[in-house]
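*Asks:* Position chain Z relative to chain G; hints supplied.
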Amino acid sequence: MIAQVYGKRGASAVHRYDPRAKTLLLLAFLVLFFLPIAVGHLAAYLAVVVLLSGAFLGLSNTLRPIRMILPILILVMLLTPPFYREGSALLAVRGLTVLSVSGLLLALRLIIRFTGITMVFYLFIGTTDPDELILSFRWFRLPYTVSLILSLALGYIPTIRTLYDQVRDAHRLRLAAKGEGVGEAGVHRRGRGLFKRLRESIPVMTSVLILSVRRIPTLAMALECRGVGRKNARSSYHTLKTRAALLRDGAIALAAVAVLVISVVLFP
Amino acid sequence: MIPTDPHLSIRNLSFSYPEYSGIAARHLFGGLNLELSAGSIDVLLARPDQGKTTLCRVLSGLIPRFSGGQLSGEVRLGNLRLLEQDPYELLEQVGLVFQHPGEQLLASRCDSEVAFALESLGVPRSEIETRLAAALHTMDLERYRRQSPKILSGGEKKKLLVACLLAVDPRLWLLDETLEELDSGTKRQLLQLLRDRGRSTLILSAKWHDLFREFANRIFLMEDGRIRAVGERPGSRDFQRLLLKRGFVLPGEGRNTGKASLPERTSGSPGRSESTDPKTLLVAEDLYFRYGEEGRGAGAAFALQIDHLRLDAGRILSVVGDNGSGKSTLGRLLCGLLRPESGQIRIRKGEVLQPAAVEELNRFTGYLFQDPDLQIFLPTVFEELALGLKHLNLSMEEIRRRVEETVSLFGLPAGEAPPSLMSYGIRKKLQAGVYYLLERPLMIIDEGDSGLSVNDFAEMIRIFRKQEGALIFITHDHRLADALADEVVELKSGSIA
Chain G
-19 MIAQVYGKRG ASAVHRYDPR AKTLLLLAFL VLFFLPIAVG HLAAYLAVVV
31 LLSGAFLGLS NTLRPIRMIL PILILVMLLT PPFYREGSAL LAVRGLTVLS
81 VSGLLLALRL IIRFTGITMV FYLFIGTTDP DELILSFRWF RLPYTVSLIL
131 SLALGYIPTI RTLYDQVRDA HRLRLAAKGE GVGEAGVHRR GRGLFKRLRE
181 SIPVMTSVLI LSVRRIPTLA MALECRGVGR KNARSSYHTL KTRAALLRDG
231 AIALAAVAVL VISVVLFP
Chain Z
21 MIPTDPHLSI RNLSFSYPEY SGIAARHLFG GLNLELSAGS IDVLLARPDQ
71 GKTTLCRVLS GLIPRFSGGQ LSGEVRLGNL RLLEQDPYEL LEQVGLVFQH
121 PGEQLLASRC DSEVAFALES LGVPRSEIET RLAAALHTMD LERYRRQSPK
171 ILSGGEKKKL LVACLLAVDP RLWLLDETLE ELDSGTKRQL LQLLRDRGRS
221 TLILSAKWHD LFREFANRIF LMEDGRIRAV GERPGSRDFQ RLLLKRGFVL
271 PGEGRNTGKA SLPERTSGSP GRSESTDPKT LLVAEDLYFR YGEEGRGAGA
321 AFALQIDHLR LDAGRILSVV GDNGSGKSTL GRLLCGLLRP ESGQIRIRKG
371 EVLQPAAVEE LNRFTGYLFQ DPDLQIFLPT VFEELALGLK HLNLSMEEIR
421 RRVEETVSLF GLPAGEAPPS LMSYGIRKKL QAGVYYLLER PLMIIDEGDS
471 GLSVNDFAEM IRIFRKQEGA LIFITHDHRL ADALADEVVE LKSGSIA
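Sequence lines, in order, name chains G and Z.
Number 185 in our numbering belongs to position 205 of the first sequence; there are no gaps in the numbering.
Number 98 in our numbering belongs to position 78 of the second sequence; there are no gaps in the numbering.
For reference, chain G alone in the conformation it holds in the complex (with noise of 0.2 Å):
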């Protein structure tokens, strides 16, 4: 899904928007999904990150993640409640709560939040350029075997995607038998039920896992290869934006964090 934003970078105004700026928003929207605020208004930040992300990605990208961990959210919403009946009931049967306001709002309340830091991870590395990411990371002071390890892992997401995609077709070709195939990733899924695909996805995640382990060592010599481990001064063919531009976009964000800040004060 990343891979696809990662595609179009440069093309929006959050691309351009300066990536300590962006580190910034990261952590204070990431800051406010963990507050013990109202659901309603969490949900009104979700809903404002969905905007932004909607606005400056597409209907489209904004939806991609939303339905990768859409599974999870059901999950958890499932079975979140049963575990948490006490308060006023909702659905009681012969006397026993089987669903509570508190386990319906505690579930609303992980889904809100689990999907709100989805979304904000989702719009940062999406609209970052790795190399300013890791320059940024730097910035930060941040020493430059962290910042590369940050920017690998962050970096390797949409490359898990793309093996992902590129393992669920070799299995399909592979084990395709009647009435099952594959077509163009994954568009060919008609008829066929949540909890199935789930079931099939489970043999192509242990592959993605069982390849991406094997990839450590290979990725370690390709790094030392490329002289990761030298204690001489790096230099950097990329470079962050320029002073104006960090000043204005920093203002832009702490103006962003202070109207958070402030309308959690107001409607906690």
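Quick caveat, the hints were computed from the structure, so don't treat them as lab data.
Relax, there's no trap hidden among the hints.
Covered by chain Z, per the in silico footprint, the following chain G stretches (three or more residues, Cβ under 8 Å):
hint, segment
1, 100 to 112
2, 195 to 201
3, 210 to 217
The calculated label-pair distances, taken between Cβ atoms and stated as ranges, are:
hint, chain 1, residue 1, chain 2, residue 2, range
4, G, L50, Z, A434, 40 to 46 Å
5, G, I196, Z, N53, 29 to 35 Å
6, Z, E94, G, I196, 26 to 32 Å
7, G, R210, Z, G205, 32 to 38 Å
Note that this is a predicted model, so its numbers are computed, not measured.
Yeah, the Cβ is synthetic: ideal placement off N, Cα and C, and Gly gets one too.
*Replies:* Below, chain Z without anything else, positioned relative to chain G:
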């Protein structure tokens, strides 16, 4: 003090991989010796699984650092003792292009990929810009400068890795099967460049390329952990006999066979009525496919247009063409992994040819990806081969029988061997074994000869031919195509030439 005129000397090098649970330690080299002259291009020929990649990694300082194992002996580049250096300290001394390019690419853009090592060296930004522009220009990759390496074809990825080395320009170049998957023009250009620059180069290959005769100073043969020089005069009759005997060329290769003996070059329409001919398995007509921005990247638009292509049972078609000419795209269309924007593919359904939905193409076609690792996931050879058979409701005895037969046919290690510890070439054979057992009417082998000796690849084709379906193999090797295929189709910029 590092000399400017390096001379590679390998003396009494021995290496064995560590013992893994249930797997004995594997001894690869026992007292290996090799001397390379400064500034010369030398070739080390070895069949798959003889330790070419391991040798490259030893010389680059990667083994035993990342693999464990026992290493002894001495390796010097000029006065520099290579075995005592960490890989990152050898950046300007030894440059390695991995056999499997996907394992070496790190960056999200092609220019960042080339700049990465220069940044590690602390080269000033203006000089990085100059060097990377020159390297991308030399390898004809400028149009991909701001694109992700992921959108490149296998051959283009190797070109990008060569560009990375060009920018750093190390004193010793190690090219691990790098000529595989490169088109002939790029191969010549690369060898000419190395000769012009006077860089010491060791090319490791499982296959003989005619260009070696023109560019290589010396040819070495590695067998059973030992190296010997075999070709001071690569054009001689004795040398040809040796190549043939060791399986680095096919009979008739390496000589001027003459056009008359070559297979027909065709657009796939030899004249018979395909609808009525029961041998016709597949016909593709007016196929058009175009990658969007997400596929090949903006500024790198690519379209494939196939007017007519016909495949008959028992026939072998080879698809050749330069890097990025659309060979793999054609393969992915024919197996239904890509959907054409227009045109149709008809396949034989009983007595007639009928348009095929992509799901039907999935079941009709077996497609061996260029990268075998995307199709090999399970812990043992047996489990890998048995997986497809388990879906056919066969008894365990029958599954075992078929797996054992396939292991023997393809010369695979025993069923309990772990694929992750097998060499690239053997993994390619395993991938072929997996698809052989599926018995699909059409098989497509994408760059299957990469990492295999020509004998091994010819044997693979012979095995598939017995299944009497149609077979397509995609290759850069025109001589191999001419030698093994009944028909050859050449793609140029997305169309049949």
